[in-house]
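Chemist: Chain by chain, the residues:
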Amino acid sequence: MISSIIGQLFGIVPFGDIVFGFSEFSIIGFVVALIFTIVVYLTKPEKQLEAQKFRVEDKLEVVSLEELKIRRMMAIVCGIATAGAMLTYDLFDYALFLTLVGIANIGIVSAVKKDWVLNASYQYGLIAMIATLPLFGSAGMILAKTGTLSLFELPKIPTSLLFEKIIFAAGMAGETGIAPFYASKAEMFRAPGSPYILMIHLSSLLLIVRTVEILLTI
Amino acid sequence: MKKLGKIWNYLSKPEVVPRIFSIFIALIFVFGLLMPHYLNPDQLYPKPVPHSQTLKTPLAPYDRGGVPLKVPAKLKSQYPQYEPDLGMITAYLTPVANWIKDKTYYFGTTIVSTPGGILDEILYYTRGMDTVLESSILLISFIIFSWMFFNKD
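Sequence lines, in order, name chains A and B. Going by my numbering, the first residue of the first sequence is number 982, and it counts up by one from there. Going by my numbering, the first residue of the second sequence is number -14, and it counts up by one from there.
Hints may contain errors.
In silico DSSO-like links for lysine-lysine, alpha-carbon gap of 27 Å or less [claimed, not checked]:
(1) A/Lys1034 <-> B/Lys(-2)
(2) B/Lys32 <-> A/Lys1146
(3) A/Lys1094 <-> B/Lys(-2)
(4) A/Lys1137 <-> B/Lys32
(5) A/Lys1040 <-> B/Lys137
(6) B/Lys137 <-> A/Lys1094
(7) B/Lys32 <-> A/Lys1126
(8) B/Lys61 <-> A/Lys1137
(9) A/Lys1050 <-> B/Lys137
(10) B/Lys(-2) <-> A/Lys1095
Because the hints were derived from the structure by calculation, they are not lab data.
Can you build the whole structure from these sequences, using the hints too?
Modeler: This is the structure in C-alpha cells:
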C-alpha cells in the first residue's frame, strides 16, 4: 500500500533527523513547483483593462515596478517552499513548510493597494494563524503517541492515528483555504498581476495532494 | 432552497470565514475529547522526569552529560548513521556561563543558559532544518510588515 503511493525511492538528502527524499511521487511535485517558480521569475505581470461604471473611458491597471519586485520575491519564496514541502519526509518539518507557504501567500497580495484585496488577505491571515493550532497540535500528538516524526518510520508503528489525521487535515484545509473556507482566498485571486496569483493557486493544490499522500501513508 | 442560498451568500463574505473556521475547529476538538489518548514510553526526544535533576546538577533540567569534543552526551536520534558528531558539543559552556554555573544550582533555568550556554543539539543538529524554517517564517512576516510600513501612502 505504502510503496504503491510513493513509488520507488531514488535517493535521500539527510539533514540530521530530517530527511528529504526523492521518490517518484515527490519528484513530480518538486519539478512542477520549480518549473512554475522559473515561469514566475521570467514573465512580466499582466495588465488589466477595466471597464468603468458610468464613464466612457476604460482604466488600465498596471503593476508598478516597486510592487512587482516584492510580489515576485514572495512568489519565488512561495515556490521554493512548495518545492521543499514536496520533498520533506518529516511531519513537523512539513507542517512548518505549510505555514511558510501560507505566510508567503499573504505576502504575494500584500503589496496590492486595494482595500478589498487587503481585507481578504487579512482574513486569510487570521485563518492561517488559527490553522497552525491543529497542524502543530497534530504533529505533537503524533510524536507523543508513536515516539517518532519521520514519515519513513511512522507506517511501521501500528497505532491508530485517526483523530490526529483529522485535525491535520483540518489544519491543512485552513492553511490552503479549500472549499468551505474559500471565500477569503477567492477575493485574493481577483487582484491584478497574473503569474504571482497563479503561485497561490498552484501551491495550495500541490500541498493538498502531498497532505493526502502523507495521511494515507502514516 | 431559499435558505440554502442564504447560507451560501453568508459564507461568501471574507470576514465570516475565520469565524466559521474556528467553530469547525472547535467541533473537531470536542470530538477529540471522546478519543483515547496515551503516551508512548519509547520517545525519540525524551525528557528527564520532572525535578529528577534539581539541586543535584547546576544545569538542572537540561543536563545531558558529556565532555565537549571528547565524550558525546546522552542523546537519542532517529538516524544516528547520518549524524557522526551527535552530542559532541552539547556540554559546551561559554566562560561566562561556566563562571555562573559554579555560583548557583539554578543555572539551567536562567536566561544565560540559552544562547551559547547549553547548545541544544535537538535544535541545531538533529532537527536543524526546523530551526531554519521557523526563523525564515519570522523573517518573511517581517519583510511583509516592513514593506507595507515603508510604502504606505
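Chemist: Are the hints correct? Go through all of them and say.
Modeler: Here's how the hints hold up against the structure:
| no. | hint | verdict |
| --- | --- | --- |
| 1 | A/Lys1034 <-> B/Lys(-2) | 23 Å, holds |
| 2 | B/Lys32 <-> A/Lys1146 | 25 Å, holds |
| 3 | A/Lys1094 <-> B/Lys(-2) | 20 Å, holds |
| 4 | A/Lys1137 <-> B/Lys32 | 24 Å, holds |
| 5 | A/Lys1040 <-> B/Lys137 | 23 Å, holds |
| 6 | B/Lys137 <-> A/Lys1094 | 9 Å, holds |
| 7 | B/Lys32 <-> A/Lys1126 | 15 Å, holds |
| 8 | B/Lys61 <-> A/Lys1137 | 19 Å, holds |
| 9 | A/Lys1050 <-> B/Lys137 | 16 Å, holds |
| 10 | B/Lys(-2) <-> A/Lys1095 | 17 Å, holds |
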